[in-house]
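Undergrad: Spelled out from the first residue to the last, the chains are:
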Amino acid sequence: DQQVKQNSPSLSVQEGRISILNCDYTNSMFDYFLWYKKYPAEGPTFLISISSIKDKNEDGRFTVFLNKSAKHLSLHIVPSQPGDSAVYFCAASKLTGGGNKLTFGTGTQLKVEL
Amino acid sequence: NAGVTQTPKFRILKIGQSMTLQCTQDMNHNYMYWYRQDPGMGLKLIYYSVGAGITDKGEVPNGYNVSRSTTEDFPLRLELAAPSQTSVYFCASRPGGGGNTIYFGEGSWLTVV
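From first to last, the protein sequence lines stand for chains A and B. Residue numbers for the first sequence, in the numbering used here: 45 to 158. Residue numbers for the second sequence, in the numbering used here: 24 to 136.
Please note that a few of the clues may not be correct.
To be verified - When the alpha-carbon atoms are kept at most 25 angstroms apart in a straight line, the in silico PhoX-like pairs for lysine-lysine are as follows:
| # | chain 1 | residue 1 | chain 2 | residue 2 |
| --- | --- | --- | --- | --- |
| 1 | A | Lys145 | B | Lys80 |
| 2 | A | Lys49 | B | Lys32 |
| 3 | A | Lys112 | A | Lys138 |
| 4 | B | Lys37 | A | Lys81 |
| 5 | A | Lys115 | A | Lys145 |
| 6 | A | Lys81 | A | Lys145 |
| 7 | A | Lys115 | A | Lys49 |
| 8 | A | Lys112 | A | Lys100 |
| 9 | A | Lys145 | A | Lys100 |
| 10 | A | Lys138 | B | Lys67 |
| 11 | A | Lys81 | B | Lys32 |
| 12 | A | Lys112 | A | Lys155 |
| 13 | A | Lys115 | B | Lys67 |
| 14 | A | Lys81 | A | Lys49 |
| 15 | B | Lys32 | A | Lys138 |
| 16 | B | Lys32 | B | Lys67 |
| 17 | A | Lys145 | B | Lys67 |
| 18 | A | Lys112 | B | Lys67 |
| 19 | A | Lys138 | A | Lys115 |
| 20 | A | Lys155 | A | Lys81 |
| 21 | A | Lys98 | A | Lys155 |
| 22 | B | Lys80 | A | Lys49 |
| 23 | A | Lys155 | A | Lys138 |
| 24 | B | Lys67 | B | Lys80 |
| 25 | A | Lys138 | A | Lys100 |
Stated by the list, open to error - Partial list, derived from the structure: chain B residues whose beta carbon lies under 10 angstroms from chain A:
| # | residue |
| --- | --- |
| 26 | Tyr87 |
| 27 | Glu129 |
| 28 | Trp132 |
No lab work stands behind these hints, which were simulated from the structure alone. A quick note: this is a predicted structure, and the numbers were derived from the prediction, not measured. We treat Cβ as the ideally placed atom computed from N, Cα and C, and that holds for glycine.
All chains should be built: construct the whole structure from the sequences, respecting the hints.
TA: Put into structure tokens, the structure is as follows:
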């Protein structure tokens, strides 16, 4: 039972354009969402997060949008740069109880082309 | 500036062998986690710990054991290795209190043949 889904395994975008990565979740108990970025042969690194009390969080070129009614979140990267090419994982958790475990999606491979 | 350190980085095991993946963090984090990532898949939680002396199972604990005798260390033990345990293993940690940002190690690549 995949509680966090990233239905696009890959995405290709031109440098300077917007990258939009999508994520859906099924568990309504999730109240905190994160995006991680992963380069080959490295561990995932934290990118940006959002609490369920918000619908948008922005950090530089990265913005995460949350639509709770649709159980959907998206990560926008503007403008996209070649160094953004990586696998992006969406993750969700409950802020209280249960060790605050993260449930991950399967990832989207982003390729930013020159 | 070590953060979360995992050893070994690469290991080949024969079926039936046992080994321990080491994980240590120097950030005094209460929470520690072990995840595995199979090709084309997301990260699956194996075991986690909310503090020294306390461990609990995640989604995929079968074939593994953990211990947490100190705040810093969270070793993962594989008993009777099987080909299905071929994977990349990530140790992670986070501080107690609010916020859910988890910090990952660089990973340990394990092949069981």
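Undergrad: Does each hint fit the structure? Answer for all of them.
TA: Hints and how they fare:
Taken as a hint, the lysine 145(A) and lysine 80(B) pair is honoured in the structure, with Cα atoms around 11 angstroms apart against an allowance of 25 angstroms. A hinted pair counts as satisfied when its Cα atoms are at most 25 angstroms apart, and lysine 49(A) with lysine 32(B) does not qualify at roughly 29 angstroms. At most 25 angstroms may separate the alpha-carbon atoms for a hinted pair to count; lysine 112(A) and lysine 138(A) meet this at roughly 14 angstroms. About 32 angstroms separates the Cα atoms of lysine 37(B) and lysine 81(A), which puts this hinted pair outside 25 angstroms; it is violated.
Simply put, lysine 115(A) and lysine 145(A) have alpha-carbon atoms about 19 angstroms apart, close enough for the 25 angstroms limit, and the pair holds. Distance hint between lysine 81(A) and lysine 145(A) is fulfilled; the C-alpha atoms sit about 18 angstroms from each other, no more than 25 angstroms. Restraint check for lysine 115(A) and lysine 49(A): satisfied, since their Cα atoms lie roughly 11 angstroms apart, inside the 25 angstroms limit. For a cut-off of 25 angstroms, the pair hint linking lysine 112(A) to lysine 100(A) stands: about 11 angstroms separates their Cα positions.
The suggested pairing of lysine 145(A) with lysine 100(A) holds, with an alpha-carbon distance near 22 angstroms, which does not exceed 25 angstroms. Of the pairs offered as hints, the one joining lysine 138(A) and lysine 67(B) holds, with about 16 angstroms between alpha carbons and a cut-off of 25 angstroms not exceeded. For the suggested pair lysine 81(A) and lysine 32(B), the alpha carbons sit about 20 angstroms apart, so the restraint of at most 25 angstroms is met. With a CA separation close to 28 angstroms, the supplied pair lysine 112(A) and lysine 155(A) exceeds the 25 angstroms bound.
For the suggested pair lysine 115(A) and lysine 67(B), the alpha carbons sit about 21 angstroms apart, so the restraint of at most 25 angstroms is met. Distance restraint check for lysine 81(A) and lysine 49(A): the Cα-Cα separation of roughly 16 angstroms lies within the 25 angstroms cut-off, and the hinted pair is therefore satisfied. Of the pairs offered as hints, the one joining lysine 32(B) and lysine 138(A) is violated, with about 31 angstroms between alpha carbons and a cut-off of 25 angstroms exceeded. Pair hint lysine 32(B) plus lysine 67(B) holds up; C-alpha atoms about 19 angstroms apart against a cutoff of 25 angstroms.
Restraint check: the Cα-Cα separation between lysine 145(A) and lysine 67(B) comes to about 10 angstroms, which is no more than 25 angstroms; the hinted pair holds. A C-alpha spacing of about 24 angstroms is found between lysine 112(A) and lysine 67(B), which places the hinted pair at or below 25 angstroms, so the restraint holds. A hinted pair counts as satisfied when its Cα atoms are at most 25 angstroms apart, and lysine 138(A) with lysine 115(A) qualifies at roughly 14 angstroms. Under the criterion of a C-alpha separation no larger than 25 angstroms, the hint pairing lysine 155(A) with lysine 81(A) is consistent with the structure, at around 13 angstroms.
A hinted pair counts as satisfied when its Cα atoms are at most 25 angstroms apart, and lysine 98(A) with lysine 155(A) does not qualify at roughly 29 angstroms. Distance check on the hinted pair: lysine 80(B) and lysine 49(A) sit about 22 angstroms apart at the alpha-carbon level, within 25 angstroms; holds. Of the supplied pair hints, the one linking lysine 155(A) and lysine 138(A) is violated, its CA atoms being roughly 31 angstroms apart against a limit of 25 angstroms. For the hint pairing lysine 67(B) with lysine 80(B), the CA-to-CA distance comes to about 11 angstroms; that is within 25 angstroms, so the pair holds.
Of the pairs offered as hints, the one joining lysine 138(A) and lysine 100(A) holds, with about 18 angstroms between alpha carbons and a cut-off of 25 angstroms not exceeded. At about 16 angstroms, the closest approach between the beta carbon of tyrosine 87(B) and any beta carbon in chain A exceeds 10 angstroms, and the interface hint on this residue is violated. Given the 10 angstroms rule on beta carbons, the hint for glutamate 129(B) holds: about 5 angstroms separates it from the nearest Cβ of chain A. Annotation: tryptophan 132(B) was flagged as interfacial toward chain A, and the flag holds, the nearest CB pair being 8 angstroms apart, inside 10 angstroms.
Hint compliance for this structure: hints 2, 4, 12, 15, 21, 23, 26 are not met, and every other hint is.
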